[in-house]
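Visitor: Please build the complex by placing chain B on the supplied structure of chain A, with the hints as guidance.
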Amino acid sequence: MHKLGRGHRDKLQQFITITGASEKLALQALKASDWHLEGAFDFFYSQPQLKTFTDSRHLEELYNRYKDAYVDMILADGITLLCNDIQVDPQDIVMLVLSWHMKAGTMCEFSKKEFIEGLQSLGIDSLEKFREKIPYMRSELKDEQKFREIYNFAFGWAKEKGQKSLALDTAIGMWQLLFAEKQWPLVDHWCQFLQARHNKAISRDTWSQLLEFAKTVGSNLSDYDAEGAWPYLIDEFVEYLNENGIIQNDLINDSSLKR
Amino acid sequence: MSMSERKTIDLDQGWDFMQKGILKLKNILEGLPEPQFSSEDYMMLYTTIYNMCTQKPPHDYSQQLYDKYRESFEEYIVSTVLPSLREKHDEFMLRELVKRWANHKIMVRWLSRFFHYLDRYFIARRSLPPLNEVGLTCFRDLVYKELNGKVRDAVISLIDQEREGEQIDRALLKNVLDIFVEIGMGQMDHYENDFEAAMLKDTSAYYSRKASNWILEDSCPDYMLKAEECLKREKDRVAHYLHSSSEPKLLEKVQHELLSVYANQLLEKEHSGCHALLRDDKVEDLSRMFRLFSKIPRGLDPVSSIFKQHVTAEGMALVKLAEDAVSTKKAEKKDIVGLQEQVFVRKVIELHDKYLAYVNDCFQNHTLFHKALKEAFEIFCNKGVAGSSSAELLATFCDNILKKGGSEKLSDEAIEETLEKVVKLLAYISDKDLFAEFYRKKLARRLLFDKSANDDHERSILTKLKQQCGGQFTSKMEGMVTDLTLAKENQTSFEEYLTNNPNADPGIDLTVTVLTTGFWPSYKSFDLNLPAEMVRCVEVFKEFYQTKTKHRKLTWIYSLGTCNISGKFDPKTVELIVTTYQASALLLFNSSDRLSYSEIMTQLNLSDDDVIRLLHSLSCAKYKILNKEPNTKTISSTDYFEFNSKFTDKMRRIKIPLPPVDEKKKVIEDVDKDRRYAIDASIVRIMKSRKVLSYQQLVMECVEQLGRMFKPDVKAIKKRIEDLISRDYLERDKDNANLFRYLA
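Line by line, the protein sequences are chains A and B. Quick note on the working numbering: the first sequence kicks off at 1 and runs consecutively. Quick note on the working numbering: the second sequence kicks off at 1001 and runs consecutively.
With the rest of the complex left out, here is chain A:
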């Protein structure tokens, strides 16, 4: 049996905890990155996932367990039951990640095709495997590229069917959920601004550009380009921050932190 040093064993355990990967895969990733955790994550996520064989019959059984009695779909009650079975809160962001894997067209609904193909892509055909996969799906939010995909997926998923824009209340809820994962300091100010000044639905363009804004513009907004192509609403937000002296407060906070 190959013996690992304590440091390596700790890193292995940490990697497994975060990604939910098997010990074998974790070991492979860590070795490939010379035992640097960051590199290991990159390696792990850049590898094409080997499709695990899934049992079609078991998937059918799972689907039938949750499907609605009258409609050939899984609806809110079915989803609630599913969350109960896999021991996840329905409000948990991991359900968004799951919906992303399933390519779900709308919130609180999974078609049979979405459900079965989604679980197949995740290599899940039993509740045990489902539970095992939760940490993996949660860890995907840490990957920059996947977060962006999930974030942009969330817009279509959360908006009302047939609408082009996302209702403001829903958008605010989603932002609070998503930025809890991404730590954008201005998210609360942004939500307050929208309720105070905008009070209308959010366009897809504004939604996707806000993520870029959060990523590329520092929280003191010193590198914000007012002449740039930012959506109108973001321009208004920056103006709002300046008017209310919020930026000054942040500057002071930054100075305090530096001291």
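Misleading hints may appear alongside valid ones.
[Claimed, not checked] Quick list of in silico lysine to any residue cross-link-like pairs, SDA-like style, CA-CA up to 25 Å: (1) Lys1734/B with Gln209/A; (2) Lys1718/B with Asn242/A; (3) Lys164/A with Leu1739/B; (4) Lys200/A with Glu1146/B; (5) Lys1734/B with Ala226/A; (6) Lys1715/B with Lys182/A; (7) Lys1718/B with Ala180/A; (8) Lys1734/B with Asn242/A; (9) Lys1719/B with Leu1739/B; (10) Lys1718/B with Leu168/A; (11) Lys215/A with Gln1696/B; (12) Lys1691/B with Tyr232/A; (13) Lys146/A with Ala180/A; (14) Lys182/A with Thr170/A; (15) Lys1145/B with Glu1030/B.
Don't read these hints as lab results, they were simulated from the structure.
Guide: Frame of chain A; chain B shown alone:
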């Protein structure tokens, strides 16, 4: 018989003979008593040189004679000329120099003639400098080089004396300076290097001293008078005794010291500078300022800048004056709001006339001043007054001139001239589309209610607007005017139709004006329940119209109609001129004595706003055709109305006005909506041709495309871009959020 041989002349012997001739010449030059050369003397001297040059070697003395020619000058200069010059100073030295130079040239000429044979053969064969040149070179090398510095200083000193107003001998200076030129023998280098450079330097110093005093002592106009006078005198100086090539350099120095160095100080003098001259309308001084400053590099920039500031300030003062006047009137609650705005436009026209004359006259049509004027007017002409945009004010001003009974009584010529000026002002207004919409609204009112005073003026202003803003700008308006002409013809046809068709009988007199949708402002078209008498009219006209065209649809706009009604009141019959709505309401009382508010609304099929406005005009205003219960000033939905049979008026014919709806808000809303469409169309047009374009480029092209009609706000463009993204006309590039792609 044999020829006797010519006797050989020895060098010393020959030269002795020549010496006598040269001495004679010197005596003449010195003014000593000496008879003139006789032709025999001349021939003997010439022949001696000839003989000495043509004798057989070793008696050919060409070279020696050539050398002695030069030595003759040198000896004379050293022994006679220089001493006479060295002993003298300043002006006396100059006079002596002029005399000596003149004498020298005579000496060169005579000796060259004596020694002429050398030029023809010896000098030509040996390629030596010619005799003339040798002679002049002697003077240059011996006299000029020693004295030119002193001469220069003396000349410059005299120039400065003349500048101080003293009388000097100009001819003397001209002669002296000619020496500098002639010494150059075709080149100007001696004049330029030995005299002109120092003269220019002295000129700079002189005027620098003068300017530093004048700028402190003089007012701007006085300073400019002096500057102009100095330039004139320096130009005069060139004409009298400086070489003409000096003029541009000399003037440039003077201009620099008097104007360039002190430009800002001069222009900004507190009580007499450019601003004060403009304030006090000192056109002569301003003209002089233009002439002077146009000569120095970028000299007009500060003048035009001050001009622009001044005009802007004058314009802003008019704006403020009008604002204050409107506030005062409102405080007094007088009902002539609007008059002040018209006065404002009139004053702006006068201001433009005044300063356009300045640009054309004082500032000689210079582009910088046209630009300054334009920019100044663009600033304050877009301010608006008392909540009305300048676009609206101009449209109202035109309306006031063009309509019957306007507040101004102008001759035809004055009207044309004023309209011309208004159209010119329009060039300065950013929101031309807003002007067009307000103008169209008022034009419609003039045309439809027969308020237009003169058809020719209506067409004339459209021609002017078309020239300035393009055919698209006026096409709707022209369509409106044309519609009215066609409507008259149509009415004639209708009357013929009625004559030819006895069965087609409207029952009452009927005039219909057919309008083309799209030309005219949009009007509300309610489905008013017409009285039976009027329904008949509509049907008859429809039948007529069908005979002319089968494919057009008529939409009736009763809100624009007018009726004449005979009101049979107990005291006497009064003819009432009312709108169609008012007439419809009144006719209800032919069959009902008393009607409630809701009954009237139901029977007419109008909205609350319209009914309230309508009934108010008939029961609460000046002419109370209806009695209202309760007898209050405002209409409420619980009121009742009765015909007021006791109504009377001293006039037999009265017009009952319907209070005008405030259209300003609607016009502005319409224009905003049109602008959104215009921006969308522009963006789509640009992206369709470009396919991929950066945000900055798109905004820039959009502003450029639309700038002729209005100045789009960048925020408005950004909003339209986002809307077009939502509607899937555009998308952002996946990798570069600043880049937009057109979606087919």
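Visitor: Does the structure keep lysine 1718/B and alanine 180/A at a Cα separation of 25 Å or less?
Guide: Roughly 30 Å separates the two Cα atoms, so the pair is violated.
Visitor: Quickly compare the C-alpha distance for lysine 215/A and glutamine 1696/B to 25 Å and report which way the hint goes.
Guide: Answer holds: lysine 215/A to glutamine 1696/B is near 22 Å, not above 25 Å.
Visitor: Within 25 Å, alpha carbon to alpha carbon, are lysine 1145/B and glutamate 1030/B?
Guide: holds, 23 Å
Visitor: Do the alpha carbons of lysine 182/A and threonine 170/A lie within 25 Å of each other, as the hint requires?
Guide: holds, 18 Å
Visitor: Under the criterion that the straight-line Cα-Cα distance not exceed 25 Å, is the pair lysine 146/A, alanine 180/A satisfied?
Guide: OK: lysine 146/A and alanine 180/A at ~16 Å, within 25 Å.
Visitor: Given the hint that lysine 1734/B pairs with alanine 226/A, does the C-alpha gap stay at or below 25 Å?
Guide: Within the cut-off at roughly 21 Å; holds.
Visitor: Can the restraint linking lysine 1718/B and asparagine 242/A be considered satisfied, given a maximum Cα separation of 25 Å?
Guide: Status holds; Cα separation ~21 Å.
Visitor: With a cut-off of 25 Å on the C-alpha distance, tell me whether lysine 1718/B and leucine 168/A pass.
Guide: holds, 21 Å
Visitor: Given the proposed pairing of lysine 1691/B with tyrosine 232/A, does the C-alpha separation stay at or below 25 Å?
Guide: With Cα atoms ~23 Å apart, lysine 1691/B and tyrosine 232/A stay inside 25 Å; holds.
Visitor: Sort out whether leucine 1739/B lies within 25 Å of lysine 164/A, counting only the CA atoms.
Guide: holds, 22 Å
Visitor: Please work out if lysine 1734/B and glutamine 209/A have their alpha carbons no farther apart than 25 Å.
Guide: holds, 11 Å
Visitor: Given the hinted pair lysine 1719/B and leucine 1739/B, is their Cα-Cα distance within 25 Å?
Guide: At roughly 16 Å apart (the allowed maximum being 25 Å), leucine 1739/B and lysine 1719/B satisfy the hint.
When the structure is compared with the earlier hints, violations turn up for hints 4, 6, 7, 8 and for no others.
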